[in-house]
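**Q** Chains as they are written, first to last, in the numbering used here: chain D, 1 to 117; chain Z, 118 to 232.
Treat the hints with caution; some may be incorrect.
[What the hints assert, rightly or not] The list that follows gives simulated cross-link-like pairs (lysine-lysine, DSBU-like), each with its CA atoms no further than 30 Å apart:
#1 D:LYS41 - Z:LYS224
#2 Z:LYS224 - Z:LYS120
#3 D:LYS20 - D:LYS64
#4 D:LYS55 - Z:LYS219
Honestly, the hints are just simulated from the structure, not real lab data.
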Amino acid sequence: GAVVSQHPSRVICKSGTSVKIECRSLDFQATTMFWYRQFPKKSLMLMATSNEGSKATYEQGVEKDKFLINHASLTLSTLTVTSAHPEDSSFYICSASTSGRASDTQYFGPGTRLTVL
Amino acid sequence: AQKVTQAQTEISVVEKEDVTLDCVYETRDTTYYLFWYKQPPSGELVFLIRRNSFDEQNEISGRYSWNFQKSTSSFNFTITASQVVDSAVYFCALNSGGSNYKLTFGKGTLLTVNP
Chain D
1 GAVVSQHPSR VICKSGTSVK IECRSLDFQA TTMFWYRQFP KKSLMLMATS
51 NEGSKATYEQ GVEKDKFLIN HASLTLSTLT VTSAHPEDSS FYICSASTSG
101 RASDTQYFGP GTRLTVL
Chain Z
118 AQKVTQAQTE ISVVEKEDVT LDCVYETRDT TYYLFWYKQP PSGELVFLIR
168 RNSFDEQNEI SGRYSWNFQK STSSFNFTIT ASQVVDSAVY FCALNSGGSN
218 YKLTFGKGTL LTVNP
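Isolated chain D, as found in the complex (with noise of 0.2 Å):
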């Protein structure tokens, strides 16, 4: 149990364009899901959360119109990179929460590799 998918696993795009990362639990329903950024050798950095229904909370330093989020559903959540440059090049990763308390455990997805040219 306890599955998160997310997709597309990896992205090449120009500069200037939008890409948008789905992320989804797949066997269990997510009030919360979280969005985090990984460079290279690097541990993850939390970019923002998104609450179902709700308004995502970003963290500080993080672009709220750059990086769109929305959580439409219990079990879907998007992560849209808006007019993307190279240095948004990174490893995206997605994780699920059933509510988002601190003892829940968070599920993580597999991760979206971006390329921007």
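Given chain D, put chain Z in place with the hints provided.
**A** Below, chain Z alone, put in the same frame as chain D:
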């Protein structure tokens, strides 16, 4: 403030050796939760264990075991008889109300198990 320290950046062992990955945490909360995740080269973070602050019992799951000691604020992870498939980055993480219910990750330990 929450903090998780994994002092070992990289560890290299030979197959069948036992290896312990260290994790030291800091928090002012009395109720908190500790986690270990494995990140193989494929990139996905695989959940290994969750432990709450009121349960100091050590846990064993196959070749994996965890030693939680509140007195030293440590939550160490031991792999017995390591295998090549254990090669991965291992992250220790902490969650509590003091972190606004966000996971605080350590920097990770890269474990390489050589045949």
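**Q** Each of the hints needs a verdict: does it hold here or not?
**A** We went through each hint and held it up to the structure:
1. D:LYS41 - Z:LYS224: The hint holds at about 9 Å.
2. Z:LYS224 - Z:LYS120: Roughly 10 Å separates the two Cα atoms, so the pair holds.
3. D:LYS20 - D:LYS64: OK: D:LYS20 and D:LYS64 at ~14 Å, within 30 Å.
4. D:LYS55 - Z:LYS219: holds, 17 Å
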